[in-house]
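Undergrad: Protein chains in written order, with the working numbering: chain A, 260 to 633; chain B, 260 to 633.
Hints were generated in silico from the structure; no laboratory data involved. Be careful, since some hints might not be right.
Which copy is meant is left open, so a pair is good if it fits within one copy or across any two.
Mimicking SDA-like on lysine to any residue, the simulated pairs with C-alpha atoms at most 20 Å apart in a straight line are [to be verified]:
#, residue 1, residue 2
1, 582, 550
2, 582, 369
3, 582, 549
4, 373, 281
5, 582, 618
6, 582, 560
7, 373, 581
8, 582, 533
9, 582, 483
10, 582, 295
11, 582, 328
12, 373, 460
13, 373, 553
14, 373, 557
15, 373, 277
16, 373, 386
17, 582, 531
18, 582, 374
19, 582, 342
20, 582, 616
21, 582, 456
22, 582, 268
23, 373, 332
24, 582, 534
25, 373, 306
26, 373, 406
Only a predicted model underlies this, so the values are computations on that prediction, with no experimental measurement involved.
Chain residues, written in single-letter form:
Number of protein chains: 2
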Amino acid sequence: MTYGFQLLARDGAARTGAITTAHGAIATPAFMPVGTAATVKAMTPEAVRETGADIVLANTYHLMLRPGAERLARLGGLHDFMHWQRPILTDSGGFQVYSLSDLRQLDEAGVTFKSHIDGSEMHLSPERSIEVQHLLDADITMAFDECTPFPATEAVAAASMQLSMRWAERCRAAFVARPGYALFGIVQGGMYPDLRAESAARLLQIGFDGYAVGGLAVGEGQALTFSTLEGTVPHLPADRPRYLMGVGRPGDIVGAVQRGIDMFDCVMPTRSGRTGQLFSPRATLNIRNARHADDPRPVDADCRCPLCRHYSRGYLHHLFRAKEILGAMLATWHNLTHYQDLMASLRAAISRGSLEAFAAEHARLATMGDIDPV
Amino acid sequence: MTYGFQLLARDGAARTGAITTAHGAIATPAFMPVGTAATVKAMTPEAVRETGADIVLANTYHLMLRPGAERLARLGGLHDFMHWQRPILTDSGGFQVYSLSDLRQLDEAGVTFKSHIDGSEMHLSPERSIEVQHLLDADITMAFDECTPFPATEAVAAASMQLSMRWAERCRAAFVARPGYALFGIVQGGMYPDLRAESAARLLQIGFDGYAVGGLAVGEGQALTFSTLEGTVPHLPADRPRYLMGVGRPGDIVGAVQRGIDMFDCVMPTRSGRTGQLFSPRATLNIRNARHADDPRPVDADCRCPLCRHYSRGYLHHLFRAKEILGAMLATWHNLTHYQDLMASLRAAISRGSLEAFAAEHARLATMGDIDPV
Numbered sequence: 260m261t262y263g264f265q266l267l268a269r270d271g272a273a274r275t276g277a278i279t280t281a282h283g284a285i286a287t288p289a290f291m292p293v294g295t296a297a298t299v300k301a302m303t304p305e306a307v308r309e310t311g312a313d314i315v316l317a318n319t320y321h322l323m324l325r326p327g328a329e330r331l332a333r334l335g336g337l338h339d340f341m342h343w344q345r346p347i348l349t350d351s352g353g354f355q356v357y358s359l360s361d362l363r364q365l366d367e368a369g370v371t372f373k374s375h376i377d378g379s380e381m382h383l384s385p386e387r388s389i390e391v392q393h394l395l396d397a398d399i400t401m402a403f404d405e406c407t408p409f410p411a412t413e414a415v416a417a418a419s420m421q422l423s424m425r426w427a428e429r430c431r432a433a434f435v436a437r438p439g440y441a442l443f444g445i446v447q448g449g450m451y452p453d454l455r456a457e458s459a460a461r462l463l464q465i466g467f468d469g470y471a472v473g474g475l476a477v478g479e480g481q482a483l484t485f486s487t488l489e490g491t492v493p494h495l496p497a498d499r500p501r502y503l504m505g506v507g508r509p510g511d512i513v514g515a516v517q518r519g520i521d522m523f524d525c526v527m528p529t530r531s532g533r534t535g536q537l538f539s540p541r542a543t544l545n546i547r548n549a550r551h552a553d554d555p556r557p558v559d560a561d562c563r564c565p566l567c568r569h570y571s572r573g574y575l576h577h578l579f580r581a582k583e584i585l586g587a588m589l590a591t592w593h594n595l596t597h598y599q600d601l602m603a604s605l606r607a608a609i610s611r612g613s614l615e616a617f618a619a620e621h622a623r624l625a626t627m628g629d630i631d632p633v
Numbered sequence: 260m261t262y263g264f265q266l267l268a269r270d271g272a273a274r275t276g277a278i279t280t281a282h283g284a285i286a287t288p289a290f291m292p293v294g295t296a297a298t299v300k301a302m303t304p305e306a307v308r309e310t311g312a313d314i315v316l317a318n319t320y321h322l323m324l325r326p327g328a329e330r331l332a333r334l335g336g337l338h339d340f341m342h343w344q345r346p347i348l349t350d351s352g353g354f355q356v357y358s359l360s361d362l363r364q365l366d367e368a369g370v371t372f373k374s375h376i377d378g379s380e381m382h383l384s385p386e387r388s389i390e391v392q393h394l395l396d397a398d399i400t401m402a403f404d405e406c407t408p409f410p411a412t413e414a415v416a417a418a419s420m421q422l423s424m425r426w427a428e429r430c431r432a433a434f435v436a437r438p439g440y441a442l443f444g445i446v447q448g449g450m451y452p453d454l455r456a457e458s459a460a461r462l463l464q465i466g467f468d469g470y471a472v473g474g475l476a477v478g479e480g481q482a483l484t485f486s487t488l489e490g491t492v493p494h495l496p497a498d499r500p501r502y503l504m505g506v507g508r509p510g511d512i513v514g515a516v517q518r519g520i521d522m523f524d525c526v527m528p529t530r531s532g533r534t535g536q537l538f539s540p541r542a543t544l545n546i547r548n549a550r551h552a553d554d555p556r557p558v559d560a561d562c563r564c565p566l567c568r569h570y571s572r573g574y575l576h577h578l579f580r581a582k583e584i585l586g587a588m589l590a591t592w593h594n595l596t597h598y599q600d601l602m603a604s605l606r607a608a609i610s611r612g613s614l615e616a617f618a619a620e621h622a623r624l625a626t627m628g629d630i631d632p633v
């Protein structure tokens, strides 16, 4: 399948469509479960697919450290390795270099850092990041950029963005085009609208298959995320997918879709699942809370996931109290189903032209709080 | 379904047949995965069933401490609670009282002990153990006995066995008979054939729906296990199932089936799975070993489990190195499949009258060692 993006419907700034890649199609707006180390934690790939996911994200930084990009390529690439024959997007590794490693040096060439696993010295540059993502066989490769700190002065944000744009050009040059494979650029510029516009213009000049908005979800708050999107998305071409990196909570996703975003990724549903935080339309439950111990009802009576179809809150509470792996498995499954069903509802609402009503109802439910105790 | 045991074929002392219970049938010889806290660790019940298991074992001691027997009964009993609508056997709680708790007092009445979870004082007696297993809704209830230490002098073993026999009588009296539900007695007597014979005779006098051999798999070694079975099984009635508790490794199971045992349980396949020990006909692999890191081959090319159908040794090695939950999930699934396929092969060999040849080939393969490195 060649790479492409078909728009199917619009509703205000929101769009629904389909991205096609070498490993299949992705309905948008799409949520990508995070499979950091070539596994969506506590899930089989079959279960990930059952939640409704068309694509997963894997982390270049983690995989280049372990098991190593060249080894992974010898083992047939990421799709075979993790038994996921559908689309995969890899990040560039940049974000984790800044957040996880002991960073040694950053200059025009790239970054030298120490592995957080064994302390060994590693190097990442635009060229090496693209090469690693090629070795992993990512359907969608992300440009390697600098992670602008937040907060940052305009001068710092500008210098960081300009470095990222020079790197974006090197990424484009390093990327080996193949049918069905795509390279996305990343808009930077901190919370400064002019810098965002400049960054978008520069990326368009270089030319990418999709455009991500980076440097958000760094603690700036939902209002600033949304206003930054409003200042950025209009500078992006309508005929390319738009990806808001690292976002977010369900309400963040609804608001970003209303502002024209097509793709999302976040550890929220998986990480929360492992700690016993369960999403429902009305509330986020902490299933470890004692009030669930005797509750025969499902977490969410309207949810189609195995947890909600087959098990009580009392059972899930027990599993978490007993530190049983099945607790993490079922809670993750539920949360990912909740996210994917939200995306399906958003796609349907856009198709019907009723996104505004859907978003209002979504927000209203979220204020109701959990069902009454038994 | 009423409780019963149908013998279908014999081969020497070995037999194959079917136990029927309120929640369905169990093909024998049967291996029961251990679901200590109302979950077979790292497995969904659907996955447990896919391995071929007809029945699981749950631990009375753990469940009476957490979530509590009365609470579990209010939540609908163990089948609904853990979403396993097939047969369940519960142990009596005795073994864990001796091995896990801070034992306060043992007398004719029963045992008083401190919970290993929160130190609270608990009591178990023959009557309470039977009541708890009733509350759990176990298809097969085990008599509450004393765990005879090993090694023990003949006098100690005799006194312990006689206490267990008096308790067995109280268990029989306390058990509420319902169609499809069974109570098993447990032969004790340490490694002393005369005591084993006396214990068996006493249990037969009381009358049980099945007979377990207890007090083995306590470090006595395979030769002594087998000779004790040879001295015990002939005293048990042919028309009732025989259950060897807590056994064991695949070779132990083959030998015990040859000596007339019908049922087994052991944490070996599940616990080993979580630590990266993988069973194959030729060897037990430690998948964490570096030699597997680049190996594109499955753990066992002849195995039908998802791990062996879809993933390389290199991937499983990676999952264990990265401490990913999916590693425990897939390795457990594999090990349980290996065990269930062994049981299916044993049943088929008995039906064909070729158990001796099967056992010889099983032993021969086990000496071969793992396949050569790539």
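Undergrad: A separate judgement is required for each hint: does it hold in the structure or not?
TA: Status of each hint after checking the structure:
For the identical chains of this complex, residue 582 and residue 550 are intra-copy neighbours only, at 18 Å inside a copy versus 32 Å across copies, given an alpha-carbon limit of 20 Å. Proximity of residue 582 to residue 369 under the C-alpha cut-off of 20 Å is found in neither arrangement, the shortest distances being 42 Å within a copy and 30 Å between copies. Only within a single protomer do residue 582 and residue 549 lie at most 20 Å apart by alpha-carbon distance; the minimum there is 15 Å, versus 29 Å between protomers. For a Cα distance limit of 20 Å, the shortest separation of residue 373 from residue 281 qualifies neither inside one copy, at 34 Å, nor across copies, at 60 Å.
Taking the shortest Cα distances, residue 582 and residue 618 never come within 20 Å of each other, neither inside one copy (36 Å) nor across copies (39 Å). Proximity of residue 582 to residue 560 under the C-alpha cut-off of 20 Å is found in neither arrangement, the shortest distances being 24 Å within a copy and 33 Å between copies. In this homomeric assembly, residue 373 and residue 581 come within 20 Å of each other (Cα to Cα) only across copies, at 18 Å, whereas the closest approach inside a single copy is 37 Å. Taking the closest pair of Cα atoms, residue 582 and residue 533 come within 20 Å of each other both inside a single copy (10 Å) and across two copies (14 Å).
Neither within a single protomer nor between protomers do residue 582 and residue 483 lie at most 20 Å apart by alpha-carbon distance, with minima of 38 Å and 37 Å respectively. In this homomeric assembly, residue 582 and residue 295 come within 20 Å of each other (Cα to Cα) only across copies, at 12 Å, whereas the closest approach inside a single copy is 23 Å. Proximity of residue 582 and residue 328 under a CA criterion of 20 Å is satisfied inter-copy only: 19 Å between copies versus 34 Å inside one chain copy. Within a single copy, residue 373 and residue 460 get their C-alpha atoms no closer than 34 Å, and across copies no closer than 70 Å, so neither meets the 20 Å cut-off.
In this homomeric assembly, residue 373 and residue 553 never come within 20 Å of each other (Cα to Cα): the closest approach is 49 Å inside a single copy and 24 Å across copies. When the C-alpha separation of residue 373 and residue 557 is checked against a cutoff of 20 Å, the pair qualifies neither within a copy, at 46 Å, nor between copies, at 33 Å. In this assembly of identical chains, the alpha carbons of residue 373 and residue 277 never lie at most 20 Å apart, being 39 Å within a copy and 60 Å across copies at closest. Taking the shortest alpha-carbon separations for residue 373 and residue 386, only the intra-copy value of 19 Å comes in at or below 20 Å, while the best inter-copy value is 62 Å.
Proximity of residue 582 and residue 531 under a CA criterion of 20 Å is satisfied in both settings, with 15 Å inside one chain copy and 18 Å between copies. For the identical chains of this complex, residue 582 and residue 374 are inter-copy neighbours only, at 17 Å across copies versus 30 Å inside a copy, given an alpha-carbon limit of 20 Å. For a Cα distance limit of 20 Å, the shortest separation of residue 582 from residue 342 across copies, 18 Å, qualifies, whereas the shortest one inside one copy, 28 Å, does not. In this homomeric assembly, residue 582 and residue 616 never come within 20 Å of each other (Cα to Cα): the closest approach is 41 Å inside a single copy and 44 Å across copies.
Taking the closest pair of Cα atoms, residue 582 and residue 456 never come within 20 Å of each other, the shortest separation being 49 Å inside a single copy and 42 Å across copies. Proximity of residue 582 and residue 268 under a CA criterion of 20 Å is satisfied in neither setting, with 45 Å inside one chain copy and 43 Å between copies. Proximity of residue 373 to residue 332 under the C-alpha cut-off of 20 Å is found in neither arrangement, the shortest distances being 23 Å within a copy and 54 Å between copies. In this assembly of identical chains, the alpha carbons of residue 582 and residue 534 lie at most 20 Å apart whether taken from the same copy (10 Å) or from different copies (16 Å).
Proximity of residue 373 and residue 306 under a CA criterion of 20 Å is satisfied in neither setting, with 35 Å inside one chain copy and 40 Å between copies. Proximity of residue 373 to residue 406 under the C-alpha cut-off of 20 Å is restricted to the intra-copy arrangement: shortest distance 17 Å within a copy versus 54 Å between copies.
Checked against the numbered hints listed earlier, the structure breaks hints 2, 4, 5, 6, 9, 12, 13, 14, 15, 20, 21, 22, 23, 25; every other hint is satisfied.
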